[in-house]
Amino acid sequence: MTTSTGKGLADLFWAFTRIGLLGFGGGPAMIPLIRQEVVKRHHWLDDDEFADILAIGNTLPGPIATKMPGYIGYRVGGIGGCIIAVAAVILPMIAAMIAMLGIFSRYRDVAWIRGMGQAVVPVVMVMMAQLTLDFWNKSQLALGWLVSLVMVVVAGGLIYVLGVHPGWVIGALLVAALLRPVTLGKETSR
Amino acid sequence: MIYWELFLAFFIPNIIGYGGGPAIIPLIETEVVGRYGWMNAQEFAETLALGNALPSPIATKMAGYVGYDVAGMGGAAVAVFATVVPSLLLMLGALGLLYRHRESPRVKRMSQWVRPVIALMMAWLTLGFLMEGIEGAGIVHTLLIAIASAIALLRFKTHPAFVVMAALIYGGLFLG
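So the sequence lines, in the order shown, correspond to chains G and F. First residue of the first sequence: 1, per our numbering; consecutive thereafter. First residue of the second sequence: 1, per our numbering; consecutive thereafter.
Just chain G, same shape as in the assembly (with noise of 0.2 Å):
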């Protein structure tokens, strides 16, 4: 299917700039989106290949609706279809954050702009706790509330009473995760 024409690119383009425009929520929230157009307008994947593209994407870090659109216009359009996507998706909501904060911070000293910016930040507060309760509930889900909230006691040890930086926490355990024995289950990857 790999179709580096000029009619493929385009199609790649449009396709992902609908999807950048359409996915409010983070990317996360985009992958509905990107399934419509990949899988359903445009057959680029099946539906099989694309929740194995998920899963893959979800085995690493970083954003998912970067990595999704770069993976799939490399198959459809090698390279250039590859920056394409990515771009689409991506650029024009750049634009719009730098243009319109540009604004919003000359004018700063401006007493109801200045206002304008502190009422935003209860309503950020309230969206952050809303995502610390997701990844809460799945930790709990996944590792059960007593293991989640050991780590979590842990970590917060480490990050904020030793000053230890977030990195070296999270990639130890990552490590960990990589390098400790399985003992549970069974291991299916060979």
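If you're looking for bench data, these hints aren't it; they were derived computationally from the structure. Be careful, since some hints might not be right.
As the list claims (entries may be wrong) - Chain G residues, not near chain F, derived (Cβ > 10 Å throughout):
| no. | residue |
| --- | --- |
| 1 | Gly57 |
| 2 | Gly80 |
| 3 | Tyr160 |
| 4 | His165 |
Said to hold, decoys possible - In the DSS-like style, the derived pairs of lysine-lysine whose C-alpha atoms are separated by at most 30 Å in a straight line are:
| no. | chain 1 | residue 1 | chain 2 | residue 2 |
| --- | --- | --- | --- | --- |
| 5 | F | Lys157 | G | Lys40 |
| 6 | G | Lys138 | F | Lys157 |
| 7 | F | Lys108 | G | Lys40 |
| 8 | G | Lys7 | G | Lys40 |
| 9 | G | Lys138 | F | Lys108 |
To be verified - Chain G stretches covered by chain F per the calculated footprint, using a threshold of three residues with CB under 8 Å from any CB of chain F:
| no. | region |
| --- | --- |
| 10 | 23-31 |
| 11 | 37-47 |
| 12 | 66-75 |
| 13 | 81-92 |
| 14 | 126-134 |
| 15 | 169-176 |
These numbers come from a predicted model, not from an experiment. Cβ atoms here follow ideal geometry from the backbone N, Cα and C, with glycine treated the same way.
Assemble the complex: chain G is given as a structure, and chain F must be docked to it using the hints.
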């Protein structure tokens, strides 16, 4: 030097952050506000608010704006590159290997084990925003806006863009 710091500030969160873009936010805050001091908590909250009100992935919007704020177009390019390219190259380069191991309990464990730490950092950031709100808008306005937006977001599932817009109007009128 500044480009190298920008690269690191976005490379590290994106190479250890499991759980998609939202998981990366507290890790980015650690670098941008905590380590390098490119933004204060207020500016970071404003950036995040606009990022949540606009479509497309959150991690790249944050990278693009912070990079631009610190070092112009070149800075934006470096920060976005550090966000997108390393994990994408891993995906394209190691696809076969990853495909074989996608059901492996070890690989699944990686994202599971990282999650409580991310939840903790998100909770810490929530607390930071609370303090920042009290310091800026005062405790009464902060609680009022927080409760109203929690009801709108959680109870009525209002679109985040409208909640941010309502807060902007409120702030313009009552906090000026």
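Practice problem: Enumerate the violated hints, using their earlier numbering and listing them in ascending order. | Solution: Violated: hints 1, 3, 4, 11.
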